[in-house]
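J.: Could you put the whole structure together from the sequences, leaning on the hints where they help?
First to last, the protein sequences are chains A and B.
Counted from 1, the first sequence has number 23 at position 23 by the numbering used here; the numbering is strictly sequential.
Counted from 1, the second sequence has number 318 at position 318 by the numbering used here; the numbering is strictly sequential.
Don't read these hints as lab results, they were simulated from the structure.
Just so we're clear, the structure is a prediction, and the values are computed from it rather than from any experiment.
Virtual Cβ for every residue (Gly too), placed ideally from N, Cα, C.
Some clues are possibly wrong.
Which stretches of chain A does chain B cover? Using the computed rule of at least three CB atoms under 8 Å from a CB of chain B, they are [stated by the list, open to error]:
#, segment
1, 23-36
2, 64-71
3, 81-91
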Amino acid sequence: MLTAQWLYGLTGCLIVALGLRAALLHTSLLQRVVAVNVMGAGVFLMLIAVAYRGPEALPDPVPHALVLTGIVVAVSATALALALARRLTAEQNDG
Amino acid sequence: MADALIWSVVTPLAGALLTLLLPRPATAVVMATGLATTVAAGSLLYGVGTQGAMLYEIGGWTAGLGIALRADALSALLLTMTALVVLAASVYSSVYLSKTSERTRFWPLWLLLWTALNALLLSADLFNLYVTLELMGLSAVALAALAGKPAAVQAALRYLLVGLLGSMLFLAGVTLIYAGYGTLDMASLARTVEAGPVAWTALALMTAGLLLKTALFPLHFWLPPAHASAPAPVSAVLSALVVKAAFYLVLRLWLDVFAELVTTTAADLLGVLGAGAVLWGSWCALRAERLKLLAAYSTVAQLGYLFLFLPVLQALPPGPARDLAMGGLVILALTHGFAKAGLFLAIGVVQQRAGHDTIRELDGTAQRLPATTFAIALAGVALIGLPPSGAFLGKWQLLAGSVATGQWLWLVVTAIGSLLAAAYIFRVLGHAFGHRAYPNRPVTIAREEWPALLLTATAAVVLGLAGAPVWKLLEGGA
Numbered sequence: 001m002l003t004a005q006w007l008y009g010l011t012g013c014l015i016v017a018l019g020l021r022a023a024l025l026h027t028s029l030l031q032r033v034v035a036v037n038v039m040g041a042g043v044f045l046m047l048i049a050v051a052y053r054g055p056e057a058l059p060d061p062v063p064h065a066l067v068l069t070g071i072v073v074a075v076s077a078t079a080l081a082l083a084l085a086r087r088l089t090a091e092q093n094d095g
Numbered sequence: 001m002a003d004a005l006i007w008s009v010v011t012p013l014a015g016a017l018l019t020l021l022l023p024r025p026a027t028a029v030v031m032a033t034g035l036a037t038t039v040a041a042g043s044l045l046y047g048v049g050t051q052g053a054m055l056y057e058i059g060g061w062t063a064g065l066g067i068a069l070r071a072d073a074l075s076a077l078l079l080t081m082t083a084l085v086v087l088a089a090s091v092y093s094s095v096y097l098s099k100t101s102e103r104t105r106f107w108p109l110w111l112l113l114w115t116a117l118n119a120l121l122l123s124a125d126l127f128n129l130y131v132t133l134e135l136m137g138l139s140a141v142a143l144a145a146l147a148g149k150p151a152a153v154q155a156a157l158r159y160l161l162v163g164l165l166g167s168m169l170f171l172a173g174v175t176l177i178y179a180g181y182g183t184l185d186m187a188s189l190a191r192t193v194e195a196g197p198v199a200w201t202a203l204a205l206m207t208a209g210l211l212l213k214t215a216l217f218p219l220h221f222w223l224p225p226a227h228a229s230a231p232a233p234v235s236a237v238l239s240a241l242v243v244k245a246a247f248y249l250v251l252r253l254w255l256d257v258f259a260e261l262v263t264t265t266a267a268d269l270l271g272v273l274g275a276g277a278v279l280w281g282s283w284c285a286l287r288a289e290r291l292k293l294l295a296a297y298s299t300v301a302q303l304g305y306l307f308l309f310l311p312v313l314q315a316l317p318p319g320p321a322r323d324l325a326m327g328g329l330v331i332l333a334l335t336h337g338f339a340k341a342g343l344f345l346a347i348g349v350v351q352q353r354a355g356h357d358t359i360r361e362l363d364g365t366a367q368r369l370p371a372t373t374f375a376i377a378l379a380g381v382a383l384i385g386l387p388p389s390g391a392f393l394g395k396w397q398l399l400a401g402s403v404a405t406g407q408w409l410w411l412v413v414t415a416i417g418s419l420l421a422a423a424y425i426f427r428v429l430g431h432a433f434g435h436r437a438y439p440n441r442p443v444t445i446a447r448e449e450w451p452a453l454l455l456t457a458t459a460a461v462v463l464g465l466a467g468a469p470v471w472k473l474l475e476g477g478a
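T.: Quick look at the structure:
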């Protein structure tokens with residue numbers, strides 16, 4: 001029985017798997033940062049699918065709050081990674 | 001008394017904000033914050049000792065909707081160790097960071113890392129654990145990159161990516177748990193969780209994420225460069241506390257929340273990885289050319305010992321024998337925390353005075369820096385596991401448990417690991433004493449040498465001779 005909830009949930013799992021594969025296999029720094037972000041998007045999609053409680057009922061607010069927090073964390077982590085990467089390239093170009 | 005829970009988190013956070021706003025009196029603010037947080041941690045430990053586990057619901061919101069903090073004997077002990085180690089490392093850092101420009105960037109991150117560590121140890125629900133893991137990871141990476149050399153930035157970047165990958169795996173596990181059980185509170189989860197594909201997959205995902213963060217062999221590849229290229233006080237905290245916080249979560253999940261799911265095969269698997277960590281980490285420490293790299297590889301090995309306890313605990317039935325082994329695990333973790341922090345601080349002193357930390361060129365260090373060399377030797381006593389260190393008690397319980405459950409392999413691994421540890425410590429001391437004669441000079445102890453000396457003495461003497469309360473606390477307060 002493939003409902004909309006399962007469709008979204010399983011797609012989320014697939015995206016996590018793809019992101020994990022890319023994060024492990026790629027060596028380029030930028031690709032790995034993007035891969036971890038893709039993985040995060042998959043986890044968030046899973047969380048949103050978990051919140052679904054049927055066409056009539058309101059969705060569960062807790063996973064939504066978790067997704068919001070997760071996005072904030074992912075954005076700040078990505079910012080730190082990019083800042084470090086910039087510093088590294090700048091210093092490699094200098095020296 | 002339950003207020004101590006919230007103060008342990010709020011005080012360092014307030015200190016972090018204050019040092020950011022007022023960079024000039026930062027050192028005074030840090031010392032005041034450090035003392036206040038240590039008092040909070042101490043009163044928490046006292047409270048857990050007298051009245052058992054404590055719960056604090058932030059804002060009065062009950063579990064399910066609100067955020068709860070919980071402290072039991074295990075978290076209170078680790079919290080107290082964290083406070084003492086960070087306090088000592090703060091005193092050291094106030095001398096180590098001579099330039100004001102370094103301090104303004106260092107102190108806020110330093111206190112933020114402390115906040116994250118305390119919040120992680122006290123969190124009562126899985127999602128907060130994810131948030132605190134990320135907070136800890138981000139502030140640790142920023143601190144590790146502070147040295148500014150390309151090698152440090154590169155190592156920090158790798159550390160960040162590994163950490164992110166680990167927390168994403170953890171979050172995926174948390175999602176599955178919420179989908180399956182509709183709760184994130186660890187206490188209610190422990191009551192409702194049952195063996196099945198959902199719980200299995202969730203535990204596997206969360207454990208994989210945490211093993212990456214705690215650098216269990218063969219996932220340790222990122223640790224030596226990151227810990228060896230960070231500034232000395234940062235290395236001390238990373239090696240002594242940050243990896244141990246992730247290990248604490250593994251313990252929490254395997255022994256508390258998912259205790260009924262854990263099978264002998266799974267525990268044995270972690271034991272085998274731990275054995276690999278002990279042997280490979282000790283071997284690499286023996287071959288290391290720089291002191292800091294030696295200390296970092298020794299962290300990989302020492303974390304391995306902690307994982308050896310898991311199959312032993314799994315095989316022991318609940319009762320006095322299991323309590324003894326559990327106490328051994330905790331005291332080994334505490335001893336390593338104090339000893340490794342002290343070792344890194346001592347290496348920092350050597351590195352600043354001599355301008356390098358190459359082991360071959362340490363000749364005469366014992367004469368020039370007698371107190372620091374003594375601190376390195378004391379740390380060595382604790383890392384090898386000689387009496388009267390706390391590690392001796394811990395390893396003794398590990399051996400007793402392995403014999404009692406017939407798991408002889410762990411006994412052999414522990415013996416080889418301890419011999420290798422003795423070899424790498426004596427190699428350092430051998431070079432430090434050297435062959436040339438130096439004129440006798442009176443022993444002086446500089447201000448930055450005290451923290452290392454006190455930390456390593458705690459590990460090598462105090463915890464071993466006065467370690468009995470740890471067992472008592474774990475039995476009563478768990």
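J.: Report the numbers of all earlier hints that the structure fails to satisfy, in ascending order.
T.: none
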